[in-house]
Structures are given as structure tokens and as C-alpha cells.
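Participant: Now for the letters of each chain:
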Amino acid sequence: MTAEPHHHDLPVAARVRRLEERVIAAGLTSDGELDEALARFYARATPINGARLVARAWTDPRFRARLLADSSAAAAELGFGPQVSDYQLRAVANSARRHNVIVCTLCSCYPVALLGPSPSWYKSLAYRSRTVREPRAVLSEFGLVVPEEVDIAVWDSTAETRYLVLPVRPDGTDSLAEDELATLVTRDGLIGTARV
Amino acid sequence: MTLRPGTRVRTSSADPDHHTRLPRYLRGQAGEIVYAGREWPLPDDVARGVAAPRAETVYTVRFAAAGLWGTGRHTVLADLWESYLEQADGEGEGEDDGQAGSADDGQAGSQDGGRAGSADDGPQEER
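Protein chains in written order, with numbering that gives the first Met the number 0: chain A, 0 to 195; chain B, 0 to 126.
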């Protein structure tokens, strides 16, 4: 599951290309315009954004409370308002008793602006179908063994809310500053398939 | 109708011949409202090109894995439009519901309720 096939090889890529060709043939846009729009979007879409939210939450308890209460507003505080304006953002906090993991069983919904382009496995049928059914087994295949006493909550992104996991701050990081903490947070940690 | 957190619901078991955002694995399932979100256009209407699509409250609903799959201790949470749901705490809905429901509640439910509650308490505390 962690082997990532090239996106271009996926059947969906051919379908998207066909759609692009139709739209271009209809004179609505051009390849250049599409490429430019994508480049502009992806240039700013990176898991560093999500990591910044997490690091701020780790260092500022009031921000953490605001992030959990109204994630969209909290993201706007850090300048991500426009990027998350199309949906409701909700951060879900891991704890010693609970681990959260995100999936979209219907397609591949995901807060791209804050997590960067989604990995191929996130869109795979295997991840989408198995995560809601046997998350503990799926997570262990990612190398994340969740202890039995820790409950797992699987968030299926079926509507207009996009989820982001707020990992537990690792032990031994008390001396780190916010920007150093942000470098510890990975894309997979924000999805919930890694601890941090 | 606004369903409050804690309300027991059952999802629609309909098999519509159009687009819907109620996943098949969640059809006809018992769950519990944990969060009432804002209103969004109903995708079933939007996808069919209905001129004035219904706008409905979208709820976060929690399901016990044991109820969905017959096994597992985790919970699955999904965001579901109001017309996918009906309230399930009536007696008429039957013993199945009561039994399955209370079994779920006893384990995943109560502890989990506390936990999800604490995660979801944020907004309530703030308001």
C-alpha cells in the first residue's frame, strides 16, 4: 500500500486529461492556463502549512482551543483564510486515549492547501475501503502500531468538512521553538497514518 | 428540524438512482449525532441539476465499527446531510436497535462519548 504508483499511470489521470481536452477544445481555457493555475495553487499547498498550525497549537494553549473550536478561523489567523474558504476545516486532536485518522471513502477529499498534494495511496481503493473497516491493521502497515487501549476514530470526509489531525507533541521537545517544532510534523502525521 | 448532539439516528437505506453522498457502507445504520454543522446544498439535488437545490444541515454522525462490520472497536465518523437521517430513539424502531444501540453505547459509546465529547466540547465551551 505504501508503494506509490505514478499518478500519470492511474486511470483517473486519463479521464481528467480527456476532460481537459474537451474544455480546451471548447475554447474555455488552454493547457498553459491550466498549468499556470495548478502551479500557482501547488506552490502554496504544502504540509508545512498544516505543520505551522500544529506547532502553534503545541506552543499556545489558547490557539489550540481556538483551533479545535473553529479550525477555519484559526487557520485564517495564520494567513490561510483564502486557501480554506471553500470548505469547513476541522482539526481533530490525538491524545493518550485516542488516535484519529482521515479518509475519504467516496473519492479523495483532503485539505490540499494545508497538507500538500495528497499521496497516491490516499486515493487508492485499498486505503479508502480498509481504513474504515480495519484501521488498526492499515496503520500498522504504515509502521504505526496503535496500542490496544487507544481508541481509533476514523473520519470519513463525506461532505464539506476537511479534516486535519493534531498529533500529540512528542516527548523531549520542551526546549524547541515553534518553528523547530513545525519541522517535526509530517504530512502523514496530519493524515493520521504517522504519530507526528 | 435540528438534531442535537447525542441524538440516536438511523441512516437511510434507500438505494437512489442518482448521485448521493451517503456512502453505501453507511446505509441503514444506527449512529449518533456528535456535531451539528452548517447548511450546505444537498449534493443529490446539485448533481441532478435541480434549479434550487435544498440546503440542509450537515451532521457529523458517529458509528460503532461493531455495528457496521460486526467486529472492531473503532468508531467511524461521517458528515451526512439531514435527509440521509431519521431519528431512531423511538420504541417502534424495535429491539434490534435498542440492543445494538445499548451494546455499542455501553462500550464504544460511553467512553467514546466522553472522548469525542471532549474533542467536540471545544466549540460548545466556546459558545
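Hints are computed from structural coordinates only; laboratory data are not their basis. If you're wondering where the values come from, they're calculated on a predicted model, not measured in any experiment. Ideal placement from N, C-alpha and C gives every residue a C-beta, glycine not left out. Careful, some of the hints might be misleading.
Covered by chain A, according to a simulated footprint, are these stretches of chain B (three or more residues, beta-carbon under 8 Å) [stated by the list, open to error]: (1) 10-17; (2) 78-87.
Derived CB-CB ranges, DEER-like [as the list claims (entries may be wrong)]: (3) A/R17 / B/P52: 33 to 43 Å; (4) B/D14 / A/E148: 31 to 41 Å; (5) B/P52 / A/G171: 19 to 29 Å; (6) A/D178 / B/T1: 37 to 47 Å; (7) A/D30 / B/E85: 20 to 30 Å; (8) B/V45 / A/P116: 49 to 59 Å; (9) B/Q86 / A/Y41: 39 to 49 Å; (10) A/G26 / B/T1: 40 to 50 Å; (11) B/V49 / A/G171: 32 to 42 Å; (12) A/G171 / B/A51: 54 to 64 Å.
Participant: So, for every hint listed, does it hold in this structure?
Facilitator: To see whether the hints hold, each was checked on the structure:
no.: 1; hint: 10-17; verdict: violated (count 0)
no.: 2; hint: 78-87; verdict: holds (count 3)
no.: 3; hint: A/R17 / B/P52: 33 to 43 Å; verdict: violated (27 Å)
no.: 4; hint: B/D14 / A/E148: 31 to 41 Å; verdict: holds (39 Å)
no.: 5; hint: B/P52 / A/G171: 19 to 29 Å; verdict: violated (52 Å)
no.: 6; hint: A/D178 / B/T1: 37 to 47 Å; verdict: holds (42 Å)
no.: 7; hint: A/D30 / B/E85: 20 to 30 Å; verdict: violated (48 Å)
no.: 8; hint: B/V45 / A/P116: 49 to 59 Å; verdict: violated (26 Å)
no.: 9; hint: B/Q86 / A/Y41: 39 to 49 Å; verdict: holds (44 Å)
no.: 10; hint: A/G26 / B/T1: 40 to 50 Å; verdict: holds (46 Å)
no.: 11; hint: B/V49 / A/G171: 32 to 42 Å; verdict: violated (56 Å)
no.: 12; hint: A/G171 / B/A51: 54 to 64 Å; verdict: holds (57 Å)
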